[in-house]
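Protein chains in written order, with our numbering: chain A, 1 to 379; chain B, 1 to 155.
FYI, nobody ran anything at the bench for these hints, they're computed from the structure. Some hints could be false.
With a cut-off of at most 25 Å between alpha-carbon atoms, the simulated BS3-like pairs for lysine-lysine come out as follows [as the list claims (entries may be wrong)]: (1) 251(A) with 135(B); (2) 20(B) with 144(A); (3) 32(B) with 71(B); (4) 251(A) with 115(B).
Read off the chains here:
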Amino acid sequence: MSAPVIYQLGHQPIKDHTFSPDRSFLAITKGNEVELYQVSSSLTIKPKLFTILKGHDKTVTSVDISPDGTRILTCSQDRNALVWEFDGNDYKPTLVLLRINRAATVCKWSPDGQKFAVGSSDRVIAVCYYEAENDWWVSKHLKKPLKSTITSLSWHPNNVLLASGSTDGHVRVFSAFIKGIDEKPEPTVWGSKLPFQTLCGDFINETGAWVHDVSFTPDGNALGFVSHDSTIGIIYPEGEGLAPRSIINVKTQYLPFKSFVFLSNNKLVVGGHNCNLIVFEGDESEWKESYKVEKQKDLINDIPERKDNDDEEEISSHQALNMFKQLDLKGRVNKPSNGADGSKALSTIHQNTISSIRLFSNNKVSTSGIDGKIVIFTV
Amino acid sequence: MEDWRRIDIDAYEPENHLSKEELLPNLPETSKEDIEAISKQARVYLSQGKFIEALKLGLSYPPYIASEQIKNLHTETIFEILCSIKNNHNLNDLSSFVKQLDSDEQDTLVKYLYKTMSTSYGQKQGGLLLSWYEKTVEITGLGPIVRFLSDRRTV
Numbered sequence: 001m002s003a004p005v006i007y008q009l010g011h012q013p014i015k016d017h018t019f020s021p022d023r024s025f026l027a028i029t030k031g032n033e034v035e036l037y038q039v040s041s042s043l044t045i046k047p048k049l050f051t052i053l054k055g056h057d058k059t060v061t062s063v064d065i066s067p068d069g070t071r072i073l074t075c076s077q078d079r080n081a082l083v084w085e086f087d088g089n090d091y092k093p094t095l096v097l098l099r100i101n102r103a104a105t106v107c108k109w110s111p112d113g114q115k116f117a118v119g120s121s122d123r124v125i126a127v128c129y130y131e132a133e134n135d136w137w138v139s140k141h142l143k144k145p146l147k148s149t150i151t152s153l154s155w156h157p158n159n160v161l162l163a164s165g166s167t168d169g170h171v172r173v174f175s176a177f178i179k180g181i182d183e184k185p186e187p188t189v190w191g192s193k194l195p196f197q198t199l200c201g202d203f204i205n206e207t208g209a210w211v212h213d214v215s216f217t218p219d220g221n222a223l224g225f226v227s228h229d230s231t232i233g234i235i236y237p238e239g240e241g242l243a244p245r246s247i248i249n250v251k252t253q254y255l256p257f258k259s260f261v262f263l264s265n266n267k268l269v270v271g272g273h274n275c276n277l278i279v280f281e282g283d284e285s286e287w288k289e290s291y292k293v294e295k296q297k298d299l300i301n302d303i304p305e306r307k308d309n310d311d312e313e314e315i316s317s318h319q320a321l322n323m324f325k326q327l328d329l330k331g332r333v334n335k336p337s338n339g340a341d342g343s344k345a346l347s348t349i350h351q352n353t354i355s356s357i358r359l360f361s362n363n364k365v366s367t368s369g370i371d372g373k374i375v376i377f378t379v
Numbered sequence: 001m002e003d004w005r006r007i008d009i010d011a012y013e014p015e016n017h018l019s020k021e022e023l024l025p026n027l028p029e030t031s032k033e034d035i036e037a038i039s040k041q042a043r044v045y046l047s048q049g050k051f052i053e054a055l056k057l058g059l060s061y062p063p064y065i066a067s068e069q070i071k072n073l074h075t076e077t078i079f080e081i082l083c084s085i086k087n088n089h090n091l092n093d094l095s096s097f098v099k100q101l102d103s104d105e106q107d108t109l110v111k112y113l114y115k116t117m118s119t120s121y122g123q124k125q126g127g128l129l130l131s132w133y134e135k136t137v138e139i140t141g142l143g144p145i146v147r148f149l150s151d152r153r154t155v
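Same shape as in the complex, but just chain A (with noise of 0.2 Å):
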């Protein structure tokens, strides 16, 4: 297993982070604006910032790149979605019609890169298509039975249907089927007759808290989520109006996920507020954790690692400056004994919550945190 590959890139929080397909490029969220970075194929140099898109101004909630790698997908707070091209010199933006009133919270390319879908607070899901005649992207809203914030979307292979997962506990699957655009897809697990706006299945987790994110196994036959219970959920559905075959529901004793993806339909990888990764394998019987990718303290028993020595060992007055000065400028102690690692609180790469996690290539994948670090590891 190669060593995780750390990029700190500043100290902003990240909420998304996408890499170019070719994996050449990277894009993260920063605030109202989004960073491109240089990536070098070795992965060894640090990434260099060679543009910055500045088209929001609110929080941009999400960042997508298509599937083909030319157009980058924005959305934000300010209830926009902007579709950045590149033409020969910068990139240029073009505003989606969203009609929403609140922010967008979520967006995503469809598999085949015609269409994608957002999210909102505005209890629909715009799904976004490109119409030549005006040259510009439009949407068409999925509305019923929503009722409550969209926090993610995933698209199923066959580029019609779109699950989603809302705060109100519930994970559903939706035709978002275009037509003109959309071959008329073949019958699935999750229904045959599939015209826009229908509801191929609703569930609900257990304890109805907020579900995270959402995401269809790679072969589209079943449906993963994780909810701010801390929980993980898998559905495995029988077939048209039938009751799913099996409904798996995965307690675990860490702090909630916010982020996972599936590495094959038998395994998964979860990270969030407990800043590591861990990987949980099964099929629709049973799943089970298997490893966590760092070693990690338990918060609960272990407290931070000390020195021996440390309550004897007595500072100079020089460093006691120096530790007075931090606390002023920054607002932290660090005990000057401690050296380097006094630093570091946490005994895992990432020191604060991962906020989404990407898979990068078969046994990679990327992840992003509110601490402003990007980090690709090997699971």
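Given the structure of chain A, go ahead and fit chain B onto it with the hints provided.
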């Protein structure tokens, strides 16, 4: 424009609201008779020295959908069981009780520990509740605490 931050924008779309009732899970309502029967049975178990049976019984039927009065009644029953176990065992035995519970029961136990801490009779027995809490979390980890905070099925 006047103070636009205070405008209740939800008032303009009443039909799009999620009501408190809609967020409650779809579970059968618990009646007062059920709760009283459980309380009676639990006392029988306690008098026979069947402590774990009493605890499991109490934690298996939490009244999620019920009036506040019924919920409080059940909280008192649980409190009685917890006190009785603590008074008849030493501190380290509590761990073995927690271990015999399944994960749902452990989650429910943590919910009741928090709830009893908020009552006046619970506050008088703070030490007892804290030792239960310590022993429970030692075994279960942080999960049940997170679920206590996030679960819409309140006790």
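We went through each hint and held it up to the structure:
1. 251(A) with 135(B): holds, 19 Å
2. 20(B) with 144(A): holds, 19 Å
3. 32(B) with 71(B): Holds, at roughly 9 Å.
4. 251(A) with 115(B): Roughly 22 Å between the alpha carbons, so the hint for residue 251(A) and residue 115(B) holds.
Of the numbered hints given earlier, the model fails none.
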